[in-house]
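*Asks:* One-letter residues, chain by chain:
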Amino acid sequence: MGFDISRVKVAWEGYETPLMPGRYPVEFDPIRRHCHMVDDQNPLFLEQGFCPPVMVDYFASRGAWPPGELDILGLIRKIPTPGDRLVNMNHEFEWFKAVKVGERLSVSHKVVSVDVKPTKLDPLSVWIKTETRIVDERGETVALRWNQILVHRTPEQVQAGFIRAEAAA
Amino acid sequence: MSQRCWEDVREGEALPGFALELTMTRMVQQVSGTQDFYPIHHDRDFARSGGHPDIFVNTAFTRAALCRLLTDWAGPAGFVKRLGFQMRRYHLVGDTIYVRGKVVKKYRQDGVGAVDLEIWAENAREGIATPGTATVHLPLRSA
Numbered sequence: 001m002g003f004d005i006s007r008v009k010v011a012w013e014g015y016e017t018p019l020m021p022g023r024y025p026v027e028f029d030p031i032r033r034h035c036h037m038v039d040d041q042n043p044l045f046l047e048q049g050f051c052p053p054v055m056v057d058y059f060a061s062r063g064a065w066p067p068g069e070l071d072i073l074g075l076i077r078k079i080p081t082p083g084d085r086l087v088n089m090n091h092e093f094e095w096f097k098a099v100k101v102g103e104r105l106s107v108s109h110k111v112v113s114v115d116v117k118p119t120k121l122d123p124l125s126v127w128i129k130t131e132t133r134i135v136d137e138r139g140e141t142v143a144l145r146w147n148q149i150l151v152h153r154t155p156e157q158v159q160a161g162f163i164r165a166e167a168a169a
Numbered sequence: 170m171s172q173r174c175w176e177d178v179r180e181g182e183a184l185p186g187f188a189l190e191l192t193m194t195r196m197v198q199q200v201s202g203t204q205d206f207y208p209i210h211h212d213r214d215f216a217r218s219g220g221h222p223d224i225f226v227n228t229a230f231t232r233a234a235l236c237r238l239l240t241d242w243a244g245p246a247g248f249v250k251r252l253g254f255q256m257r258r259y260h261l262v263g264d265t266i267y268v269r270g271k272v273v274k275k276y277r278q279d280g281v282g283a284v285d286l287e288i289w290a291e292n293a294r295e296g297i298a299t300p301g302t303a304t305v306h307l308p309l310r311s312a
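So the sequence lines, in the order shown, correspond to chains F and C.
Number 140 in this note's numbering belongs to position 140 of the first sequence; there are no gaps in the numbering.
Number 184 in this note's numbering belongs to position 15 of the second sequence; there are no gaps in the numbering.
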C-alpha cells in the first residue's frame, strides 16, 4: 500500500467551496483580544471599529469550534494525505478595502495545488496551497489570501511506514 | 497617532520595530486572540510527538505582529495593500521575537503613493525565522 499523489491532484486541484457567510459579524471583542495578544494599541482598531486587515478571514469564517470548521481546516482535512499533522508554511494577503465593526463577511476557498515535497519531518510531506476570497455584504471583494500548509506524519508513523487508510492507494 | 505621508518616506529607512516575549501567558493569549485551538500551539506533548521541539506561535499570531508593524508605521490614513511571509523556522515558547522592517522602494502607481517593504520576525535562537514582504499605500501631502 502506497500513496498516489496523482490521484489526489486530479480529485482535488481546482476544487472550490461555495461562498459561505461568517458565523458572526465583525465585532469589537475579538478585535480587542487580537490586538492585546501582540500589544497593539492602535485606536483605529481598539476604539474606532476598524477591523485589523489580517482579521477579515477570521470574521468570514464559520468559527473556531468545533476545530474542523475554522477557516480552511475543514477543507484540508478532507484531502487524503498520509499523515494528519499540520504546519502552515507560507501566507499572503492582498486587500482591496477596509472593513468595520458591524459588517458581515463571507468566504470561499479553492484548492490551488497539492504536491508531495519531502521535509525533515516526513519524506511524504504533502503541501497544499489554497486561495481564499473574502467578500462583504455587497459581494465586493475585501481580500484575497493564499496559504500553503504542510501535512505530515509523526516520526513514529514515518518509521512504521504508516499511511492513513483514506490515503492508501 | 501621527500620520506619515508618502513624501516623508526614504528608501532604506528602518521601521521602528518591537519585541514580544513568548511567555506561556502570551501563548495562552495567542490561542484566545486567534481562536486557533490546534494543539500544536498550546499542548507541549502534542507538539513534541509530531517532531517539533516545543509549542510555537501560529500563523494568525505571526501575521498580527507583522501587520501591527505596518499599521503602526502607516498611520490612520495608511492602507496595507499586501502582506506575505514564510514561516521557515520556529518561534517557540520562551523565545522573544523582534518584529522589524525596512523600506525597499517607494513609487507612484495609479495616483497612489506606494511603498514596498521587507519585514521579518526574528529570535535569538534562529535569527530571521519569518521573512516577508509588504506593500503599503500612504496618503500624499499634495492630495
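Mixed in with the good hints, there may be bad ones.
[What the hints assert, rightly or not] With a straight-line cut-off of 30 Å between C-alpha atoms, the simulated DSS-like cross-links for lysine-lysine are:
#1 F/K129 x C/K274
#2 F/K117 x F/K78
#3 F/K100 x C/K275
#4 C/K274 x F/K78
#5 F/K78 x F/K110
#6 F/K110 x C/K250
#7 F/K129 x F/K117
#8 C/K274 x C/K250
#9 C/K250 x F/K100
#10 F/K120 x F/K100
#11 C/K275 x F/K97
#12 F/K117 x F/K9
#13 C/K250 x C/K275
#14 F/K78 x F/K9
#15 C/K271 x F/K78
#16 C/K271 x F/K129
#17 C/K275 x F/K78
#18 F/K129 x C/K250
#19 F/K78 x F/K120
#20 F/K100 x C/K271
[Stated by the list, open to error] Anything over 12 Å on all C-beta distances counts as not near chain F; from chain C, calculated:
#21 A183
#22 E190
#23 D205
#24 R217
#25 R277
#26 E287
Derived from the structure by calculation, the hints contain no laboratory data.
Ideal Cβ placement from N, Cα and C applies to all residues, glycine included.
*Asks:* Would you mind marking each hint as holding or not holding in the structure?
*Replies:* Hint check results:
no., hint, in the structure
1, F/K129 x C/K274, "29 Å, holds"
2, F/K117 x F/K78, "19 Å, holds"
3, F/K100 x C/K275, "28 Å, holds"
4, C/K274 x F/K78, "42 Å, violated"
5, F/K78 x F/K110, "13 Å, holds"
6, F/K110 x C/K250, "22 Å, holds"
7, F/K129 x F/K117, "13 Å, holds"
8, C/K274 x C/K250, "14 Å, holds"
9, C/K250 x F/K100, "16 Å, holds"
10, F/K120 x F/K100, "42 Å, violated"
11, C/K275 x F/K97, "21 Å, holds"
12, F/K117 x F/K9, "14 Å, holds"
13, C/K250 x C/K275, "14 Å, holds"
14, F/K78 x F/K9, "13 Å, holds"
15, C/K271 x F/K78, "40 Å, violated"
16, C/K271 x F/K129, "28 Å, holds"
17, C/K275 x F/K78, "43 Å, violated"
18, F/K129 x C/K250, "21 Å, holds"
19, F/K78 x F/K120, "24 Å, holds"
20, F/K100 x C/K271, "29 Å, holds"
21, A183, "19 Å, holds"
22, E190, "10 Å, violated"
23, D205, "7 Å, violated"
24, R217, "10 Å, violated"
25, R277, "19 Å, holds"
26, E287, "15 Å, holds"
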